[in-house]
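J.: The primary structure of each chain is shown beneath.
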Amino acid sequence: MHNNHTNEAYGFENKPLSKPRKHDRFPNLQLCLKGGLLTATTLTMGEAMAEYGLNFPEPAAGVAREIYGIHMMTMSIATILLVIVFAFVFYSLFYHRKSRGYEADQEFHNSWFGNWSWVIVPALVLGVDLTIAGKADTVLKSVWDVPKEENIMDVKITGHQWWWEFDYLDHDIKVESRFVPKDKSGDLYLREVDNRLVLPTGVKIRFLHTSADVLHAFWVPELAVKKDAIPGYVTETWAELDREGVFRGQCAEICGTWHSRMPIVVESVSPERFAAWTEGQKAIKVAAAAEASADKEWSMDDLLAKGKGLYETKCAACHQVNGMGLPPAFPALNGSAIATGPIADHLNIVIKGKEGTAMQPWGTLNDLEIAAIVTYERNSWDNKTGDVVQPADVKQAR
Amino acid sequence: MRIPDYQTLELRRKNLRLAWGLAGLALFFLVTSFPFWTGIFRIVGTQAVQ
Amino acid sequence: MSTTTLTHDEAHHHEAPKGWRRWLFSTNHKDIGTLYLLFALVMLFLGGASAMLIRLELFQPGIQLLDPDLYNNLVTNHALIMIFGGVMPAAAGLANWMIPMMIGAPDMALPRLNNLSFWILPAAATMLILSFVIPFFPGGGTQINTGWTIYPPLSLQVGMSMDFLIFAIHLLGISSVLASINIIVTLLNMRAPGMTLMKMPMFCWTWLVTAFLLILVIPVLAGGVTMLLFDRHFGTSFFDAAGGGDPVLFQHLFWFFGHPEVYILLLPSIGVLAHVIPAFARKPLFGYKSMVGAMLAVATIGMVVWAHHQYTVGMSLGAVTYFMIGTILISIPVGLMVFNFIATIWRGAMTFETPMLFAVGIVLMFTFGGLSGVMLAVVPADMQYHDSMFVVAHFHYVLMPGAVFGLFAGVFYWLPKWTGHMYDEKLGKLFFWTNVIGFNITFFPQHFLGLAGMPRRIVDYNMMFTEFNVVSSIGAMIFGLSHLLLLYIVIKTIRGGKKAESRAWEGAKGLEWELDSPPAFHTWTVAPQIK
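From first to last, the protein sequence lines stand for chains A, B and C.
Residues 3 to 400 (my numbering) make up the first sequence, in order.
Residues 5 to 54 (my numbering) make up the second sequence, in order.
Residues 18 to 548 (my numbering) make up the third sequence, in order.
FYI, nobody ran anything at the bench for these hints, they're computed from the structure.
Keep in mind that the hints are not guaranteed to be accurate.
No farther apart than 20 angstroms at their CA atoms in a straight line, the calculated lysine-lysine pairs in the PhoX-like style are these [unchecked claim]: (1) C:K443 - C:K515; (2) A:K150 - A:K100; (3) A:K206 - A:K287; (4) A:K308 - A:K397; (5) A:K100 - C:K216; (6) C:K446 - C:K548; (7) C:K509 - C:K446; (8) A:K100 - C:K446; (9) A:K100 - C:K526.
Label pairs and their computed distance ranges (CB to CB) [said to hold, decoys possible]: (10) A:A89 - C:I511: 33 to 43 angstroms; (11) C:G335 - A:E109: 46 to 56 angstroms; (12) C:G335 - A:P344: 48 to 58 angstroms; (13) C:L502 - A:A214: 42 to 52 angstroms; (14) B:T36 - C:L73: 38 to 48 angstroms; (15) C:L246 - A:F96: 53 to 63 angstroms; (16) C:G335 - A:E152: 23 to 33 angstroms; (17) A:L132 - C:G513: 54 to 64 angstroms; (18) C:G335 - A:W114: 17 to 27 angstroms; (19) C:Y339 - B:A27: 25 to 35 angstroms; (20) A:G136 - C:G310: 36 to 46 angstroms.
Glycine included, every Cβ here is placed at the ideal spot set by N, Cα and C.
Could you put together the complete structure from these sequences and hints?
T.: Okay, here's the thing in structure tokens:
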């Protein structure tokens, strides 16, 4: 089993570097209540907002800083315009009312101002627009155009229902990242994963986004870039991390039942630690491959133990831990015709998937992993086939 | 043709003409939203060239 | 215009027929208008109930009330019911009631088509409700967990409910297109002698533009969902990359409809404001011509900037730059509209009856929503905002004031005309304040949630988002329940109240106020002469 327990194995703290901000944000409740009532007028800019969790978290990459800058600029312009509009309206509401005996000016629209405002107002708005568009255009170019450099690091991000797959194309490492249930993740529930996306600082990284099934979107606010993962498409974004830390995000494009359970955790580390991490990953992978390909006969108990862990991370999101599935989209395995019928059919559907359904091919798992999962499925819950499927059987079935 | 009692025959004809014209416009937008037409035109076009 | 009678088979029904036939077979614009408004009211409560369930689920982290699929189905239904069942029929109801009375026409140009375009709606609503109900029965397939955008490939995974939804969208579309044809024909052919286009009341202008937009974009949506249906059942792969199709194509088709749809929802309410604000400021609308021009500009630019809803699909730099600049430029005509409204109240002699309270609220809150729209238009910043709660906050700030509050203003403004009774002003004001305060408590905190990193359409969230969600949900309960007050006021006004004069409001101008309150069953059988 490559890529499990990566963080513990290589000496990284598994503790979150940034805690969820819940407790810092309680004093803010009153402020936000007031803000809600008075609409935008109580907005305060800059640092104070970041501190209170009213604004984006502090960016951790160059592109994110530029995006943060333009966000602050447009928000400031919007706030100023809003204040101006509110000032005029409230002045008018107070002074130009019948109860104060104010006589309506019936010729106001025929005045010089009335005749030319249709030119003046658009010209002023155009000026504001050009200010925004000019800055936006500059930022857009640097965000959109991925630098064409030889040594850019490629990470392919594949969205699945409902987990993320990160392929480090330059290092031949694959990381599967899944949400961690509440009993294990505690306060970080829905913001914590089993395997993090470990990235080095100071290196330009190109993210290649794609999807295996439906639309997903990779979003970590500290990195700022968000792109849809579209089956059949590869879209790209880039970032260069400039500080270390743990940054959390979530899938942003609705992707079905468990859209809420696709957290992303980026662990930004120094290049040295990243190098150590990649070495560790490779060692794990080699060991796992050696274990799987050894012509060893596995006992049923060993396969069941391995299979239980694998089933619960890879299969249980759809088929459920109790094997009952979520019919009709995700059928039960408990007592199913596949899981209690011929072994060949069972292996076939696991390796090749089933077209037209949510069942994807799992052929990228190694022989041992598939053997363990199939053995587990055939001997759990009410399924008592007694079949022991060996890695060699899987090899044959491929 | 049944005519509402507040419309003259002339007005009724004018109304119907405009209504069918607008319906035609809607139909045009419906039909052109299907991308396979562009494919068919391309096929027809390349065959015509040959 | 002569009123020569050419056929006599319906021989001079000058009084309303009695019983259910009056409504089912109605060709009278006032009755059909009433039907539209009642339908919209029912849908408002259905859509509102789904919104309140959504907010109840989000009141606390964890999954308490709703399965994820049921939650997402409610999100889908809330949008579809409010847009297609609530706002559009309500605006069509106002159009049916007011347009003939405003332009001095005896009725709509195509009265039987009018009947058809209304009666398709209950059928469509039934289909929509069936799509929600069917998954509860064995063999009913899965729930529609896609959101109202029904993007493939996710919408290809959904069970038979999606087919019901597709047919419901077809029916709703047909209804809207027929109603739009009728409105355009009425406005172009049925105006009283002397009423040139540039003398037409602003509400009529807004509906003329809206109707054209509907005719141009609804068929594109119909085409898109038809292809979805083919992909689901006939293996056509329009949107399936594995079969040579393109999932992003659906998004383009959807938003080619979806973005003009925003203006379809907005413009009729802008038209209402252009009547309400001058009436209560007691001075003419500032900039009639620039209003018309701005509206045409909004409609035109609005047709060609759809892809700003999908900046993150990976378009080229050139394409996103174009869509960004186009979108930012929309602020010019919209800004001019808002400016004209402010200039109308400027140096007026204002009083603050309920319609005017809503009008002022709209000017302030719509400006706020519009400005956050400019922030969203900026592509690099949108890469952060996209699909977060910030977007949810933004479009509710645009659509609630921009569309729904405008309809409320119109209903309160014209209720005396329709029913012949003044509504209870104290209750009206109470409704305004609970409604607007509830609205702001609900949606203002959602900006912060979005910036902090909460995506939209999630059933469960991390505890770091708790406080603002609690506030938002409390606001939503106030906001949702306040509509019961609206229902009570409307029923009370229909049943009785102070007798309304022909000109129910001191500053009200326009042909509709020349008629009795309530108006006779047939009005303007002899066309008025416009100076």
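J.: Would you check the hint for K150 of chain A and K100 of chain A, treating anything up to 20 angstroms between C-alpha atoms as holding?
T.: 67 angstroms, violated
J.: Starting from the hint 36 to 46 angstroms, judge whether the C-beta atoms of G136 of chain A and G310 of chain C obey it.
T.: 26 angstroms, violated
J.: Could you check the hint for me, namely that L502 of chain C and A214 of chain A are 42 to 52 angstroms apart, CB to CB?
T.: The hint (42 to 52 angstroms, Cβ to Cβ) holds, given that L502 of chain C and A214 of chain A are roughly 50 angstroms apart.
J.: Quick one, are K509 of chain C and K446 of chain C close enough, alpha carbons at most 20 angstroms?
T.: Satisfied, since the Cα-Cα distance of roughly 15 angstroms is no more than 20 angstroms.
J.: For the hint 46 to 56 angstroms, verify it against the beta carbon of G335 of chain C and that of E109 of chain A.
T.: 49 angstroms, holds
J.: Is the hinted pair K100 of chain A and K216 of chain C satisfied, with a Cα-Cα distance of at most 20 angstroms?
T.: Roughly 28 angstroms separates the two Cα atoms, so the pair is violated.
J.: Return holds or violated for the Cβ distance of G335 of chain C and W114 of chain A against the range 17 to 27 angstroms.
T.: About 43 angstroms separates the Cβ atoms of G335 of chain C and W114 of chain A, which means 17 to 27 angstroms is violated.
J.: Would you say the C-beta atoms of L132 of chain A and G513 of chain C sit inside 54 to 64 angstroms of each other?
T.: At roughly 57 angstroms between Cβ atoms, G513 of chain C and L132 of chain A fall inside 54 to 64 angstroms, so the hint holds.
J.: How does the Cβ-Cβ distance of A89 of chain A and I511 of chain C compare with 33 to 43 angstroms: does it lie in that range?
T.: 41 angstroms, holds
J.: Is the hinted pair K443 of chain C and K515 of chain C satisfied, with a Cα-Cα distance of at most 20 angstroms?
T.: 13 angstroms, holds
J.: Mind checking the hinted window 25 to 35 angstroms against the Cβ distance between Y339 of chain C and A27 of chain B?
T.: 32 angstroms, holds
J.: Tell me if the straight-line CA distance from K100 of chain A to K526 of chain C falls inside 20 angstroms.
T.: Holds, at about 18 angstroms.
When the structure is compared with the earlier hints, violations turn up for hints 2, 3, 5, 6, 18 and 20 and for no others.
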